[in-house]
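**Student:** Those sequence lines, one after another, are chains A and B. So in the numbering used here the end of the first sequence lands on 465, straight run, no missing numbers. So in the numbering used here the end of the second sequence lands on 634, straight run, no missing numbers.
Honestly, the hints are just simulated from the structure, not real lab data. It is possible that some hints are incorrect.
[Unchecked claim] Quick list of the computed label-pair ranges, beta carbon to beta carbon: (1) Asp328(A) - Asp618(B): 49 to 57 Å; (2) Phe495(B) - Glu253(A): 31 to 39 Å; (3) Pro576(B) - Pro353(A): 45 to 53 Å; (4) Ala475(B) - Pro381(A): 53 to 61 Å; (5) Leu476(B) - Arg234(A): 40 to 48 Å; (6) Pro381(A) - Phe495(B): 21 to 29 Å; (7) Arg395(A) - Leu476(B): 40 to 48 Å; (8) Met610(B) - Glu44(A): 47 to 55 Å.
[Claimed, not checked] Listed below are the simulated DSS-like cross-link pairs for lysine-lysine, each with C-alpha atoms no more than 25 Å apart in a straight line: (9) Lys604(B) - Lys89(A); (10) Lys237(A) - Lys267(A); (11) Lys59(A) - Lys598(B); (12) Lys59(A) - Lys604(B).
C-beta: ideal position from N, C-alpha, C; glycine also.
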Amino acid sequence: MSLKRLFVANRGEIAVRILRSARQLGLETVLGVSAADTQGLGAEMADRVVVLGPAPAAKSYLDCRLVVHAAKGTGCDALHPGYGFLSEKPELSRLCESVGVAFVGPRAETIEALGDKLSARRLARETGVRTVPGTDHMISVAAARAAAAELGYPVVMKASAGGGGRGMFKATGPAELEASFDKAAREAQSAFGDGRLYLERFVERARHVEVQIVGDGAGNVVHFGERDCSVQRRYQKLIEEAPASAVPDATRERLHEAALRLTRFAKYRNAGTVEFLYDVDRDDFYFIEVNSRIQVEHPVSEAITGHDLIALQLRVAAGDGLGLSQSDIRIAGHAIECRINAEDPRNNFAPAPGRITRWRPPMGEGIRLDTHAREGYLVPPFYDSMIGKLIAHGRTRDEAISRMLSAIECFTLEGPKTTLPLAAATVAHPDFRGNRISTRWLEDVGLPDFQTGRGGHDGAHRIPG
Amino acid sequence: MTIKPQDIEALIALFETSEWDELHLKIPDFEIFLSSDPLARAPGSAAAAAPVVTTAPGAAPSAAGPASAVPPGVSPAAPPAVSSVAVQPHWIAVKAPNLGTFYRAPKPGSPAFVEVGQAVTPETEICLIEVMKLFTTVKAGVAGMVRQVCVEDAVMVEFGDTLFYIEPA
């Protein structure tokens with residue numbers, strides 16, 4: 001590898017994860033930390049630690065110039081931003097380039113083009129990747145009826161000037177459309193001063209499906225299969241799995257092709273994720289956005305392909321190309337990841353920072369734990385609450401589920417409250433086992449069942465915390 | 466028994482408020498030596514033995530000071546003392562507000578902002594910290610006399626590193 005010294009501009013489990021791969025590749029490492037993170041697993045693993053600034057992220061992890069100055073000042077030739085913080089700031093990529101430090105991520109222009117929703121959608125259209133089908137402004141009921149017939153019911157009427165759900169009406173058929181068209185227009189007029197409406201396909205049962213890709217920046221892109229991240233609360237993913245076994249094989253192939261088409265066109269460099277909404281009832285998918293970074297849930301893709309995505313990121317950043325072709329990437333088995341957040345799922349997910357007084361993580365066949373936590377670790381209140389990710393891999397989805405459940409059961413974690421009990425209840429739930437969930441399932445069914453003690457339980461209540 | 470960073474901080478705080486010259490604590494797997502004399506060495510320690518923490522009492526009120534902020538196994542990259550006068554307990558440390566490059570003068574070739582022995586007010590500009598060509602002035606923050614410049618010119622400092630000692634008026 002042509003890189004010598006890597007600057008890690010992140011904290012927590014992802015800093016540890018990056019350091020692990022960097023060390024395996026023989027790179028020297030420098031970790032930039034805030035004053036709150038000077039002691040910890042990451043700080044111990046890195047060859048050198050530099051204190052960027054005080055605990056608040058705005059004065060440490062979120063300051064582009066500070067991070068690049070530190071990377072340059074410590075003689076690093078590459079910088080890995082992890083996820084979150086500055087990872088999708090075009091400015092970071094640009095600053096790194098300006099001082100001759102390889103940015104482990106896409107070019108600044110790519111981040112800009114994909115980060116802006118409108119330009120990303122334009123890019124999708126140019127490459128024949130569909131977004132949620134919709135119409136322009138509808139001037140009459142008759143025009144709306146004709147358009148809806150073409151889109152296919154159910155449809156949703158939305159105010160052109162709207163947002164936040166106001167002026168939105170769902171119609172399951174022509175009668176309903178005619179009945180609410182005028183009302184929707186009136187409400188749009190009074191709420192936004194603009195009565196114009198447009199129509200969109202309404203997705204009754206949606207799943208969040210995303211394709212993991214890595215590109216070399218010259219138009220070569222490979223994918224590492226897809227993930228299903230439908231277990232979400234307020235758009236925050238809690239459980240992710242790979243592959244997305246609810247998607248039929250033929251659709252899955254079209255999904256991969258769409259992701260490759262889009263990112264090849266953009267000459268995408270480094271790791272990225274193309275997110276789609278999968279419409280269960282219509283067996284169709286729509287482009288949402290591209291995340292131009294490594295993601296939290298990358299381990300499930302690593303588990304089913306056997307590839308180290310962080311190592312591949314570093315290889316690409318070093319200018320050594322992908323070093324593999326699509327046929328080198330084979331999918332084997334099924335993997336599930338549960339995020340462990342220091343939050344109390346029985347108390348509206350209140351953050352629960354504090355000291356971990358007991359930490360006995362599970363071990364066993366197919367179990368992986370990505371974490372920076374350990375016994376005695378103080379979960380600081382300044383940053384996001386994730387303290388680790390538990391990943392279970394099995395030959396089948398059922399085997400992954402049962403390995404996950406026994407791993408959670410064996411996990412002794414005392415101190416802060418965590419989301420592990422909810423994860424156990426979710427994975428054990430008949431709807432999850434039967435793979436019948438959608439992106440609304442957790443809030444509509446999973447959480448109420450967890451809070452009232454209904455649903456399927458394989459010892460979910462024996463988990464402390 | 467496991468010693469936590471908080472325990473060490475508590476020990477340092479205790480030491481700082483005491484009248485003691487030295488504190489030496491040794492239990493299995495852990496040893497700490499605190500002294501009010503920066504030149505002191507832990508008993509029985511060779512050049513660089515086990516954890517040795519020296520602190521100028523009163524000079525480091527912040528728990529995030531360099532001494533406690535550097536994790537084990539990492540060379541603290543201690544800035545070379547420009548002048549090596551023993552730090553007095555009542556001197557005030559001026560610390561780096563963030564990581565950056567330390568400059569003693571407003572531009573190359575011009576005289577330094579301050580020299581040892583110079584009187585300062587809280588508003589006196591005493592150095593620059595540069596981050597990617599963006600320069601921030603650091604003020605003395607206290608009235609008194611500059612007693613020590615702790616960092617070489619144009620060296621990268623980290624957040625919390627002591628830049629100057631000022632003897633309050």
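**Student:** When the structure is checked against the list of hints, which entries are broken? Sort them ascending.
**Tutor:** Violated: hints 2, 4, 7, 8, 9 and 10.
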